[in-house]
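Sequential numbering from 1 applies to the first sequence in the working numbering.
Because the hints were derived from the structure by calculation, they are not lab data. There may be inaccurate statements among the hints.
[As the list claims (entries may be wrong)] Have a look at the derived ranges for each label pair, beta carbon to beta carbon:
1) 85 <-> 8: 30 to 38 Å
2) 56 <-> 30: 28 to 36 Å
3) 55 <-> 91: 28 to 36 Å
4) 85 <-> 20: 18 to 26 Å
5) 56 <-> 31: 16 to 24 Å
6) 76 <-> 29: 32 to 40 Å
7) 63 <-> 103: 17 to 25 Å
8) 18 <-> 84: 30 to 38 Å
Ideal Cβ positions, reconstructed from N, Cα and C, are used throughout, including at glycine.
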Amino acid sequence: MFAGRKVRLFHFLFEMLEDPNMAHCVSWVPTDAGVFRFSSTNKDQVAALWGQRKGNKRPMTYQKMSRALRNYSRSGEIFKVKKKLTYQFSRDTLMSLRKCHRGSL
DNA sequence: TAAGTTGGGAGAACCC
DNA sequence: GGGGTTCTCCCAACTT
């Protein structure tokens, strides 16, 4: 899935969310559609994986990854939820991600 | 107080 | 090479 070169951060995050093996790092919030939350202890693992995916020289951290996440708030793709380590995909972003995800299966 | 989390600005990398 | 977009990095403030 998303096996291209120009993988964007929210593509990668969606992959993590759809992977049951990554549920201990990041998972959907069952009570809110499109809302997901990072594990307080494993959030850096997700970031490290993202850094590897991009082939970064320096190790990625949650701090830096959340900075990129904040950029999505400006473009309206992902919004920050007023809870710790919690973000929300916009309806539109979620729809295109799901379409892309199903199409790549 | 310390640790963890969030936010801003500037610069680098990539694509047209 | 220029312009626009996305991502990375460092620093400071806020919350628990």
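Check: Against the structure shown, which of the earlier numbered hints fail to hold, in ascending order?
Finding: Structure breaks hints 1, 5, 6, 7 and 8.
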